[in-house]
Amino acid sequence: MFRYANPAQFMRLSGLVLPWISILAAAAFAAGLFLGFRVPADYQQGMTVLIMFVHVPAAIVAETAYGAIAVASLFSLVWRHPLADTAARAAAPLGAVFTALGLVTGSLWGRPMWGAYWVWDARLTSFLLLLFLYLGYIALWNAIEDEARAARAAAILALVGAVNLPIIKFSVDWWNTLHQGESILSGQIAPVFLWPLLTMALAYSLLFAALWMVRIRTEIVERRARSLMQRAG
Amino acid sequence: MNGPFASLVLRDLKLAARSGGSAALALAFFALVATLVPLGVGADLKLLARIAGGVLWVGAVLAALLSLDRLYQGDFDDGSLELIALSPLSLEQVALAKLVAHWLSTGLPLTLLSPLLAVLFGLPAPATLVLFLSLLIGTPAVSAIGAIGASLTLSLKRGGLILPLIVLPLLVPAVIFGAGAVTSVLDHLSNGALGLLAGFAAAAVLLSPFAAAACVRLNLAG
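Chains as they are written, first to last, in this note's numbering: chain A, 1 to 233; chain B, 1 to 222.
No wet-lab data here; the hints were simulated from the structure. For each residue, glycine too, the CB sits at the ideal point set by N, CA and C. Keep in mind that the hints are not guaranteed to be accurate.
Facing chain B, according to a computed beta carbon distance under 10 Å, are these residues of chain A, among others [said to hold, decoys possible]:
id	residue
1	LEU103
2	LEU129
3	LEU133
4	GLY136
Simulated DEER-style distance windows between Cβ atoms [unchecked claim]:
id	chain 1	residue 1	chain 2	residue 2	range
5	B	GLY40	A	ARG231	57 to 65 Å
6	A	GLU222	B	ASP78	48 to 56 Å
7	B	SER80	A	ALA225	40 to 48 Å
8	B	LEU45	A	ASP121	24 to 32 Å
Reference excerpt, derived from the structure (chain B facing chain A, CB under 7 Å, subset only) [as the list claims (entries may be wrong)]:
id	residue
9	LEU152
10	LEU163
11	LEU165
12	VAL175
13	ALA211
14	ALA214
15	CYS215
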């Protein structure tokens, strides 16, 4: 992990990897959409089951992104990893957008399925909270002027908010909720639906990785530009 | 009880009493919220009794938020925070002392006022008792998590609105359990809401000094 701590090293490695990840992401999306449109109609949901392939991967990436921010914050606070702050800051707007996407697609799915655009059950509430946690995190970064101090304050906030993640994950087990319970890891989902879902999840993850890398690279280049401007006076 | 911890608590209490009475301000805000909601929602007492738990809990949280930005800011601005950091107390103990003082000057008065405001909502006596207990248990969590937010937003020039944005999402479990406890009494159910609230509050009060101290250290070093 510390091998990539050098920004120049990171730029070189990510420059090599980024095109491939982008191509893989596009391929995974194509495969996922192809598999998705070939599924049979669900016995209960009909063809609206297709929303699952857009909604569930968004939610998975939204939560994983926050987890990544929490881990990066830990690296920043404890081991003082130089690129960790940049990585965490870069991931936050992406995570927020995926959360919003998950909320909107879930809401659109809920209307035909449950008859309601929104219910205040545990999973939806804690997922909405995740959006607010992202917004607070982004706001804190933008509010503190000193970069180093902003990085450490944001890292502390990210770790405090990370408590929400297990709550989202396990909320459907702990409380009787309307939201679908655990069905992927428990093997309850039918294979014909599982494969498109996994492919789309892979596609979303690769997309997130590619965008994340682009944002980190941009931040590094911006910093270089700023220090060059300062030296030029 | 005359050690540095107690003197810090007393000092903060005296400051709170002097600085335009933050307790009185919070109480007035709480009472205003409890007045405005029935005016907005309508005079149906049955409806008001059902929403009383939630409304009073939200009102208490918002009222406690009002005094949060003064928790560290005043001491930071005039340099007292640096002197306090040099005291024999660790920064975690300082954070805990300030947390205790904040609760005594804000959370506790709000809790004591709540049965009176419950009357405005026509809340029956058993539910009022549970409301009182839930606020008694839960307001320390509000002070604890608020302290984390206050120390994070220390020395922010435009800090005003970001503090609620950070603190309120983290306070959601307290509101859910606290208000849920009250509503469950109305339905003659018993859920574990008060117990869950107590667990949440205990965790918040125990962990908050560490986070707040880390943030204070961060801001003092800068």
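| Which numbered hints are broken by the structure, listed smallest first? | Of the numbered hints, 1, 6, 10, 12 do not hold.
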